[in-house]
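So the sequence lines, in the order shown, correspond to chains A and B. The first sequence begins at 1 in this note's numbering and counts up by one. The second sequence begins at 1 in this note's numbering and counts up by one.
Simulated from the structure, these hints should not be mistaken for laboratory data. Fair warning: this is a prediction, and the values are worked out from it, not measured in the lab. Treat the hints loosely; a few may be bogus.
[Claimed, not checked] When the alpha-carbon atoms are kept at most 25 Å apart in a straight line, the in silico SDA-like pairs for lysine to any residue are as follows:
1) B:27 to A:42
2) A:199 to A:150
3) A:86 to A:136
4) B:27 to B:16
5) B:8 to A:146
6) B:27 to A:135
7) A:86 to B:11
8) A:199 to A:113
9) A:86 to B:28
10) A:86 to A:47
11) B:27 to A:175
12) B:234 to B:221
13) B:8 to A:47
14) A:189 to B:11
15) B:27 to A:136
16) A:86 to B:249
17) B:8 to B:25
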Amino acid sequence: MYEVEATTGGMLHIIGTNMSAEASSPKLENNADAALVAAVRAGDRDAFGRLYDAYSRMVHGILLARVPYGEVDDLVQDVFLVALRKIDALRDAGSFGPWLAMITRNRAMDFHRRTRDTAELTDDIATTANAAAPEAEAVEVLNLIRQLPEAYREPLILRFVEGMTGPEIAERTGLAPASVRVNIHRGMKLLRERLGETKYEREH
Amino acid sequence: MSDYLWDKTGEADEDVAQLENLLGALKYQPRPLEIPADAMPATKTTATTMPRNTRTATFFSRPRLALAASLVLTLLAGLWLVTRDSEPRKDIVAKVEQGGAPGGGRQTDKVVVPNSATDQSAPNVTDRNTGKATDDKTHGATQKSSTAAAQQLKAQTERPRIVTASNAKPHRTSRQLLARRQKLQTRPEENVSAPREEIVLNDGMRLQADEPLTPQQREATEQLMFALRLTSAKLNYAQREMREIGRAGK
């Protein structure tokens, strides 16, 4: 069920409840996306709420691989608003996921471009300011992942942070399953090495 | 083969499970998406705010413009081709006055300038110019052939000669004649006996081979070229506009 709440200030809240969307077959998923995109183009807000539910984890993960942890939640909202405004420009309605992933990556680049001139918060400062104590260790590991080569960051974060499976990552982002699989395994191998080094440094 | 890291099937590795538990704390916490009230209609209003009549008019005005421009261009190009082709359609007769040959006296022959190299019946002008160095036999043969050429000329001037576009090369012929004239001018000792050439058109108009265009002719040519360039530029602009409309429509 999806609820649309009208609030003051002309804002509408779309609240989704089906947050644990399971990955189904890519073809069916694409057809469902195409139908939802068509509905959104026709002015259906509820349809956009469903797309938000299905893809918010992916957007969050992609942003987490690129921008400070404390900024991600706001940027997720930004990305979906941009997508909503530009949805008429989407040619293939069935490839909403890859298109949204591209918008997300561009938005992350914009973020870095805009904050270049201002005092940029380092990840450590940003994360310690926003993360609660139980999350501190998680943020530390996240920072380790973000130091890995770019190709490994996104699939590893989507896999470990957002809990998506490899096939789901490939299907949602539009990447080739084989390359996602390779990147997850190679990234995991590198991460093990980095974690081992960190542990060794702590002990000595 | 099960691969827990890939698709969460089979037995989980210890470190993988640990990472899942640890990093799972940072997963996305769903929160309502706040959409400004004007965000949704904005996508639709961009397409509908413009009055339909105006959109239709702007859409169809450009193709009309393109069509009109292409018609004008075609018309002008056709006109230019017609005027260009009309010149070689007339018989071009070169009047070669041959004289000053040693012992040969002065002869005046009217010969048809051959329009193609395969025209064996027409006397070769180049051979006639270089004929000075030939021996008496050759010279006699040349005289005979020139008499035959004069007779042939009479026959040809009586019946209209049609020069097709494929074998009519007026520019090349003029250029050849001009080159030859310049060559003769550079040899003063032969200049006395060099044949003077002029082109006599069927309608009686005489043109020197190297005669420059009159100011009126030059002006007309320039005007025509300018009109062609202008039309071409307009057509290009219209095509570009059409492409942009097509992209915007998509």
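If you check each hint against the structure, which ones fail?
-> Result: hints 1, 3, 7, 8, 13 break, sorted rising.
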